[in-house]
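A.B. asks: Spelled out from the first residue to the last, the chains are:
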Amino acid sequence: MQRSFSAWSLLRRGLGGQRGWSAQWRSPEPQPSYDALIVGGGGHGLGAAYYLAREHGIRRVAVLEKGWIGGGNTGRNTTIIRSNYLFDESAALYDHALQMWSGLSQELNYNVMFSPRGVLMLAHTVHDVQVFRRHVFANRANGVQNEWLSPQQAQAFCPVLKITDIRYPVLGGALQRGGGTARHDAVAWGYARAADALGVDIIENCEVTGILRADSGAVAGVQTTRGAIRAPKVGVSAAGHSSVIMDMAGVRVPLSSYPLQALVSEPVKPIFPCVVMSNSIHAYISQSDKGELVIGAGTDAYNSYTQRGGPHITAHALEAICELFPMFRRLRMLRCWGGIVDVTPDRSPILGKTPVPGLYLNCGWGTGGFKATPGSAHLFAWTIAHDAPHPVNAPFTLERFRDGNLIDEAAAAAVAH
Amino acid sequence: MLLINCPWCGERPEPEFVHGGQAHVARPTDPSATDAQQWAEFLYLRDNTRGVYAERWRHSHGCGRFFNALRDTTTDHFIATYKAGEPRPAPEAAR
Amino acid sequence: MADGSLQPILARTPVRIEASRLLRTLRPLRRWTLRGGPAVADAIQAAFGVAAPRTACRSAVNEDGSRAALWLGPDEWLLLAEDDGAQPGDPEAALRQVLAALPHSLVDVSHRQVALEVSGSDSALLLNSGGCPLDLDPEAFPVGMCTRTVLAKAEIILWRTQPGTFHVEVWRSFAAYVSAWLAEATRGLTE
Amino acid sequence: MNEGLRTHSGGRIDRSQPLRFSFDGRSYTGFAGDTLASALLANGVHLLGRSFKYHRPRGLLGAGVEEPNALVTVRRDAARITPNLRATQVELYEGLDACSQNRWPSLAFDLGAVNDLLAPFIPAGFYYKTFMWPRSAWHRLYEPRIRASAGLGRSPTLADPDHYAPRHAHCDVLVVGAGPAGLAAAQAAATAGARVVLCDEQNEPGGSLLADDPRHAPLVDGQPGPSWQAGMLASLAAHPRVTVLARATAYAFFPHNLLGINQRLTDHLARPRKDTPRERQWLVRAREVVLATGAIERPLVFPGNDRPGVMLAGAARTLLNRYGVLPGTRAVLVTADDSAYEAAIELQRAGVFVAAIADTRAISDPPPGVAGANATQLWMHAAQRAGIPVLTHATVTGTTGRRRVNSVTLARHSGLAGSSVTHPCDLVLMSGGFTPSVHLYSQSRSKLTWSESQQAFLPGAPAERVRCAGACRGVADLAAAASDGAAAGAAAAQAALDPARIGVQPRAPATPPPPVLPPHANHAAHAATPQAGGFIGALPRAGTARGRAFVDWQNDVTVKDLALAMREGFRSIEHIKRYTTTGMATDQGKTSNLNALAVVARAQGRAIPEVGFTTFRMPYTPVSFGSFAGPARGALFDPVRTTPMHDWAAAQGAVFEDVGLWKRARYFPLDGEDMHAAVARECKAVRAGCGLFDASTLGKIEVVGRDAVEFMNRLYVNNWSSLAAGRCRYGILLRDDGYVYDDGVVARMAPDVFHVTTTTGGAPRVLALMEDYLQTEWPQLSVWLTSTTEQWAVIAVQGPKAREVLAPLVDMDLGAAVLPHMSAVTGSICGVPMRLFRVSFTGELGFEVNVPADYGPAVLQAIHASGQPHGITAYGTETMHVLRAEKGYVIVGQDTDGTVTPDDAGLSWAIGKNKPDFVGKRSLSRAALVAPHRRQLVGLRTRDPAVVLEEGAQVMERAGARPPTRPLGHVTSSYHSAVLGHPIALALVAGGRDRMGKTLYVAGARGDVEVEVTGTVFYDPTGARLNG
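Chains W, Z, G and Y are the protein sequences, given in the same order. Taking our numbering, I'd label the letters of the first sequence as residues 1 to 417. Taking our numbering, I'd label the letters of the second sequence as residues 1 to 95. Taking our numbering, I'd label the letters of the third sequence as residues 1 to 191. Taking our numbering, I'd label the letters of the fourth sequence as residues 1 to 1028.
Next up, chain W with everything else stripped away, as it sits in the complex:
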């Protein structure tokens, strides 16, 4: 029986030297069989296991993680959360997640520190203005919060922002006030603890080495470094390594894995009140609760599994940050790290069934998967439980590439003329 987290429990256990706490999740040996397996112990996978147990009554579930949970992209991103996407399909998908973020701490009894500080996306050209205003209008029609700010309003919202006398002056911005950030590790741990409490086995240091198939061709389980584990349903939620896992099932997936870098500054007292993104000049910045400026850099041009990128990518990100926020030039980079992001041809995720019965796939979130975590997990659990996609993720099939029903947000922001 897990003990509930609260100020009271902290206080009470504080009097006892904080000795009364038990493990937040168990470390069980894998059982020979389960009702469902999730491959990949990131936020998406742990969350899917939680919702399978919590909403669909499927509790004999194991999450198989080749390293330590939350050690992939969950722990390597800049934690930006927003849902102001252009297309109806993506707006619905990301807004499904955004709605869940606001109550996630209470749902999990784990403070994931969701902080709706507002996400401000800057427009620097007339074309940017057209694209972002189109977003604002489309979001309004979809019931997704997003508003247009003049340059002065943008500066009022983020006072350290420089809007003039820069190479690309700020011509305005799209603001989603309900967007923000959350604490990435807490999301993984919170889902792990809550799923564990419902009976889910979280098995770390367990790498999947093969997919077991029944005579019918359907999935029968997985082969792992800790032995075979059987299950009629297997959900793959392995981000940058999805291609490797799907290759084991003989399913080719249109994914490329790229290095994505992020970095933080040394901590400073509060200076940055919100999240600012500039897609045009590639600046992504917020400030963590600890005081570090959290900055996203771009992906490298080539696919790689090395979890590191080139210095020119980092330099490019910091050029943009220093151009918009020239007072930060004297701050110092404390840590820089790389993740492996899996990118589809239309940069939208694949979330649904595969040609192999019983095998489900959740991948292709590219650089933006963290924001979708609760929604993605919730929909993936639904899809696994019902053997059919939820209406929100129904458009995000593998087949859309064959038929041409791409959901290409980046193409819709095409720059020309």
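Any given hint might turn out to be false.
Cross-link-like lysine-lysine pairs, in silico, DSS-like; alpha carbons within 30 Å at most [as the list claims (entries may be wrong)]:
1. Lys663(Y) <-> Lys153(G)
2. Lys274(Y) <-> Lys153(G)
3. Lys153(G) <-> Lys83(Z)
4. Lys162(W) <-> Lys274(Y)
5. Lys153(G) <-> Lys162(W)
6. Lys162(W) <-> Lys663(Y)
These are computed hints drawn from the structure, not numbers from a lab.
Please build the complex by placing chains Z, G and Y on the supplied structure of chain W, with the hints as guidance.
C.D. replies: Then chains Z, G and Y, alone, in the frame of chain W:
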């Protein structure tokens, strides 16, 4: 910032190059003869190899030539680079 | 057509450059991009006074230094000629004549780019401090070597004409940027 | 200055050069050669900072890069404020102004210290367990308070005026670290003829030699350290191909032997020269790398180990010998390693009373005399001879003192509990041994291996062309490190200069690991074998004793925090690190990581290498953002591309917009005009008389060769075979996915020459796409591509009077009979060679004059002069947009995006019907691309002529729909047409062409706007004006 051995110009830093995706993916000679699946595979499906990967680079800010490379995606070390049109070398031979 | 009112205006408006130590603008040149197989490389000798080099990243210069051919790619050369103010079409007509029988492309790009010169004992240091990532040690980049490369976010053609002298070709709209970078790079160059 | 705290002589400070400085507003004096830390200690200031979480008072722990406590903000002026600097690395200069951080109202009295009292209730990870109710309280109530108490120094708020310089460099051998091993390596490599770069993070080379007492310096190569060092430096200076960089930290090992080095040029100067950059960012590509990065002394983990006055033994030695500072008056040394004895003896010699040495090791009493004693026993002997009692098998059970330690309690290990002794003192020295600095080696992805004998992670198999030398690979003894360095330098030079070698990259698989040198004992100057030294983790009884034993000083992580994390089920060291934040402070765990690892290992009953280590990430030490950004700001952030006629437009008062890298004239306001007024005037002028437009930014590609027409047929949707030389055609380029990629007019100048134009932003990518197909799909085609974008200045002359304006200037007949719409000729204008296209993007009679770029301004002015009688008017992109919209001409990227097919945009007519293939053709028959209800480009007319639609607004089937709704499409272009006298708009609408004349609704900011669906051509639908 990788160091890439252009078959024409020698080792040059990565900013002179543009990555061109997977190598040896030929455009169907008669696209109208392909079915939807085959055409979609040509358009979108690329290997995402964890290990030795054959890829295209273009020395855009150099000699302008496309060429191919074998690179280990787990280390980013190049095993070989070779001119477009040449066959993919055996990894052992390339060493 | 009113011939009487036709007033030839040959004044060229030069590209603005940020002058700095070690950097100067060269006089306007005539330029052609020559494309084609190995045969065109040799064929131009008769018309241009110098054959196009077949060795990668190397240049050839005629005797009085007024004409040069720079290898830029296996089927691409940049031909440079002093603009002597004589018949403007002269070298081009001669080139077209000797190339007529060969598959090729000869495109006048005289105005596409401008030439800067970086010279002085610290010229290589300046380029390496100004966004050029190449090894400019004389062993790695000897006199006569030429190549397209990058200088910060601009593309340039870099050609070492003397141990301490580099001829830099840059597209005209990038010239202000390149020269400003090189001016900035003089700050504390040898500190 | 408190004279009593300085030695009388010695050290590397210049006592003839006193420097005034201030700390927290109080003035002090130090000497040239001091660091801020040494100068403060010399002034008796030991309280230097507050910890991150509990705001505990902290003094100096280290003397260099590893210092976790003494973080300060240095201020030069209102804009030049740098927070979070380590006082141990701030070189003193006249007038230095520093202040402490993370305290309020003052360092001595900090209200934040209340957190220390609450410590029992706010253990590691406490914030995950609370602050959840009510729901919005986290964001509104708790988070702002947590944020306010977190953070260290304050960010500057004014733009940094300093400059930062980049530099690319190459060498045969890069040596990192100029200690004994690095100096020897560089000298050996240089002697072998290699091009060498030697960098060191300190202000002068020497490394560990700088901390030696020159009067008792150990021998290297038979010479005293200082003279050996001088010899090395002289030798390096004599080699012309050696570059020695001081104050230069190699902070990152990037792939393919590229190292990032941050060099600080001015921070140590009182008055930097104005044109000197503050820092220089080196990117050095080395054929071979030698890492001689040394080792960092490890603190011991015992209760109360964080009080000011508790410091590393090596730090005390550095303070004494390098800076001439006595770090205390009464000291106790706690050590697990031989090296610290030297510090105690030296301090004692300098006048510090050393009350005791507590050695954590069980050491048998030294035999009488020297014979047969091991090195440890010799050290004990020396200490005792100096009058210092040595307690072996010792541990520390606690310290006291608030703002400075005033006692330490020593005890025997558990078996002899109770026999504790409390020593009054103001200085506790500690040494847990040394941790080799393998950060860069690990960053290179080279392997680390655990050495049981050395109790350290040492370099294993290399993943790049890199080798290690000296203390960073466990060769700690001075003379041995120097000879190790020399061997590494020579080997690196040999490998770099091997004529058979190609390039920098390692061949795969990686070269085998170099043989590990015998442990340092075999090289030791002392004949005797030292007793195994070093202690990792919490000292015995540290976890149980009263008081907190700190593992990570800056982030306030204690042994109990680590235990809590493990109790809560965190097993992976990465999890424990993240849950407790150990090793995540600005010192990057330099003093804490290994101790944390050992605490975890011991608790889990595993060996240290089984627990593993956390990843080493760049940077080794924090690096300023400015040095990464370098000069890239303003006009150097991205190139500002301007056309040849830019200055003319600027002189005319043009307002410019950014389009890609280009500046384009958007409109030309007259006095008092806003954009709308200017655009209305410009539009009318074009339609009534003549307009002048700079179209130079459009991309231009010369496609030349026998197969040029075949190439164009394969690439563009159009049929080019039917285009005669001297004629133009509107071309459309798709990608193979079937969506519109680019468009532009293409002129066939000769049978084998096409002059292709592209959009402004599309020029580079269209050329790249063309090269891709040409080189890799159709290499057999005899055709070549040359960018001529910048060769030509392009002046569009548009309007009914365009012919009259141009005619006087050109050498040809412009009549419609010889030069009809969509024709192209070569001729001259004002005596300058010209390509003249009769084309129109306005719907009026129009010409585009192409002249060699340098002639553009002169030709433009001639045309402008010639047009004066006809009211010629310069217009910008905004007017161009309106005029073309009136004609229903699309702008790729505005009326189309990457999801629009030619048919969607109403451009199917352009597709060559009988072509077997072209890029994108196959995709046009994909299911989704032929589905009904695709969004098609239509015109929209507002029923209310006063209402101009907003671009991007969504088109609805019905009015008053409440979200969420599914819009039919969106408005792509919308303008007030001054010429037509009503608004016009283009929109992509689902099934739009079947809705002609129907009423739809556009959701606007002020309600829904009723619109009628129309065709896309609003002006001159028959094209009479165009063909005139």
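A.B. asks: With the threshold set at 30 Å, check whether the alpha-carbon distance from Lys153(G) to Lys83(Z) stays at or below it.
C.D. replies: holds, 27 Å
A.B. asks: Holds or violated: are the alpha carbons of Lys162(W) and Lys274(Y) at most 30 Å from each other?
C.D. replies: holds, 25 Å
A.B. asks: When you check the alpha-carbon spacing of Lys153(G) and Lys162(W), does it fall within 30 Å?
C.D. replies: holds, 23 Å
A.B. asks: Would you check the hint for Lys274(Y) and Lys153(G), treating anything up to 30 Å between C-alpha atoms as holding?
C.D. replies: holds, 26 Å
A.B. asks: With the threshold set at 30 Å, check whether the alpha-carbon distance from Lys663(Y) to Lys153(G) stays at or below it.
C.D. replies: holds, 17 Å
A.B. asks: Does Lys663(Y) lie within 30 Å of Lys162(W) when you go C-alpha to C-alpha?
C.D. replies: Between Lys162(W) and Lys663(Y) the Cα gap is close to 20 Å, so the pair holds against 30 Å.
Violated hints for the displayed structure: none, as all numbered hints are satisfied.
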